Amino acid sequence: ISLFQSRFPTAIARMNELSQQACESDSLDDQTWTGFAGKTWQVHKFGGTSVASAECYQSAAKIVEDQLGIHNESTNDTKKQELNLAVVVSAMGGKPKTTDLLLQSVEAAAKRDQEEADKLLEFVRKKHAVCLEELFAGSSDQDYQDLLSVVETDLNNIRDILKTVALMKWQAQRISELVSGYGELWS
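Under my numbering, the first residue of the sequence shown is numbered 30, with each subsequent residue one higher.
Calculated directly from the structure, the hints in this document are not laboratory data.
Hints may be right or wrong, so weigh each one.
[Unchecked claim] Label-pair restraints from in silico Cβ distances: (1) Ser88 - Leu112: 31 to 41 Å; (2) Glu206 - Arg154: 14 to 24 Å; (3) Ser88 - Ala158: 12 to 22 Å; (4) Glu145 - Arg203: 17 to 27 Å; (5) Thr193 - Lys91: 12 to 22 Å; (6) Lys192 - Asn113: 23 to 33 Å; (7) Asp170 - Thr193: 28 to 38 Å; (8) Lys91 - Met197: 19 to 29 Å; (9) Pro125 - Gln202: 13 to 23 Å.
[Unchecked claim] Straight-line alpha carbon distances no greater than 27 Å define the calculated BS3-like cross-link-like pairs of lysine-lysine that follow: (10) Lys148 - Lys124; (11) Lys192 - Lys155; (12) Lys91 - Lys74; (13) Lys91 - Lys68; (14) Lys91 - Lys140; (15) Lys148 - Lys74; (16) Lys192 - Lys126; (17) Lys148 - Lys126; (18) Lys126 - Lys74; (19) Lys140 - Lys198; (20) Lys198 - Lys148.
Remember, predicted model here, so these are calculated numbers, not experimental data.
Heads up, the beta-carbon is just placed ideally off N, CA and C, and yes, glycines get one too.
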């Protein structure tokens, strides 16, 4: 995040302004802003607790679907076409949180505790596999496999990063940020 802040200070300032406006508004209809490219945007932010499980993801999706008027024939089609909707989700929360597990894997690697690092990463893999399995139950097995493959490929990349951490016995802030950022991407 700090790298993003240093490279895009104007965008960060605008996002902070929009966030402040969101906190001050009273109704969902008031929570739209003119933003990038002069378009009106509505932004939904779901924190880790809101995406901690398949059930939580489904609840978040329903909120977005309701906002878009999906499954609701009476929604004004013109309003749907004019709405630019952004959805931002954090890494999966719950106990333990994905971000915490990823950060702990970096700590374990810096201590050259490969067994602990592998155990933490396997927990992350299982957590995402269970969620994906529940989300895609009754639908295409290929969708489940494709998404799980992304998580597993990224976990292998993290393992490679952690090998470097172990060799150096060094837990650099940027490496911790890089590794923990994967959780956000998977969500």
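Quick rundown of the hints versus the structure:
no., hint, result
1, Ser88 - Leu112: 31 to 41 Å, "violated (21 Å)"
2, Glu206 - Arg154: 14 to 24 Å, "holds (21 Å)"
3, Ser88 - Ala158: 12 to 22 Å, "holds (20 Å)"
4, Glu145 - Arg203: 17 to 27 Å, "holds (22 Å)"
5, Thr193 - Lys91: 12 to 22 Å, "violated (42 Å)"
6, Lys192 - Asn113: 23 to 33 Å, "violated (42 Å)"
7, Asp170 - Thr193: 28 to 38 Å, "holds (35 Å)"
8, Lys91 - Met197: 19 to 29 Å, "violated (46 Å)"
9, Pro125 - Gln202: 13 to 23 Å, "holds (21 Å)"
10, Lys148 - Lys124, "holds (16 Å)"
11, Lys192 - Lys155, "holds (21 Å)"
12, Lys91 - Lys74, "holds (14 Å)"
13, Lys91 - Lys68, "holds (24 Å)"
14, Lys91 - Lys140, "violated (43 Å)"
15, Lys148 - Lys74, "violated (30 Å)"
16, Lys192 - Lys126, "holds (23 Å)"
17, Lys148 - Lys126, "holds (15 Å)"
18, Lys126 - Lys74, "holds (17 Å)"
19, Lys140 - Lys198, "holds (6 Å)"
20, Lys198 - Lys148, "holds (19 Å)"
Hint compliance for this structure: hints 1, 5, 6, 8, 14, 15 are broken, all remaining hints hold.
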